[in-house]
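**Q** The lines below spell out each chain.
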Amino acid sequence: MQLARVKGNVVATIKNSALQGRKLMVIQPLDGNLKASGKPLVAVDSVGAGAGELVFWCRGKEASFPFEGSEVPTDCTIIGIVDSEAHVKVIGGKA
Amino acid sequence: MILARVLGNVVATQKNARYSEARIMLVQPVNPDGTPRGASVLALDSVDAGEGDLVIVVQEGWSASTASTGEAGAAIDSAIVGVVDFIENHS
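Those sequence lines, one after another, are chains A and B. Under the numbering used here, residues 1439 to 1533 are what the first sequence spells out, in order. Under the numbering used here, residues 12 to 102 are what the second sequence spells out, in order.
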């Protein structure tokens, strides 16, 4: 799992039927100091996140687990919204 | 998932029987602003994407297999699962 910033929505009318009705977002993964780390990705939202929010996400097959019951093809899912940047506390002040 | 631009398709008469009916597409990963990023990769199509389309590619085996062949267990690791109309609020 990793922190990320939501950069925007991806609008895709034509998508795999198992993705119909799911919200897709562009996210920028962040390190513990909330600096961009790695490439932007497209994530499925499972928690109602919006643009600009600090979130955390999960990769791999496990990314489809929040949608149990429907087999959503995703390798990147937003699974939590961080309350605020002040709620990311790093011991010693640096990650 | 990643964003990618469809470059074309790859014709392979001899391939794994589990996806003998599928289209194999050559895609170039791109950043949200459309600039290319890294090497091009292959992905099975599940949405009838065409050359030049901006698409969403899932890079995980189970998802790619269920999306493009309807069941798990095919020997693939990437599938196109959506065609992007536009990206909103991107900053």
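Hints are not guaranteed to be accurate.
Covered stretches of chain B, as calculated for chain A (at least 3 residues, CB under 8 Å) [as the list claims (entries may be wrong)]:
(1) 12–19
(2) 25–35
(3) 42–53
(4) 92–100
Worth flagging that the hints you see were computed from the coordinates, not collected in a lab. A virtual CB, placed ideally from N, CA and C, is assigned to each residue, including glycine.
**Q** Each hint needs a verdict: does it hold in this structure or not?
**A** The hints, checked one at a time:
1. 12–19: holds (count 3)
2. 25–35: violated (count 0)
3. 42–53: This one holds; 3 residues, not fewer than the three required, reach chain A with a Cβ under 8 Å.
4. 92–100: With 9 residues close enough to chain A, the hint holds.
In this structure, only the earlier hint numbered 2 is contradicted, and the remaining ones agree with it.
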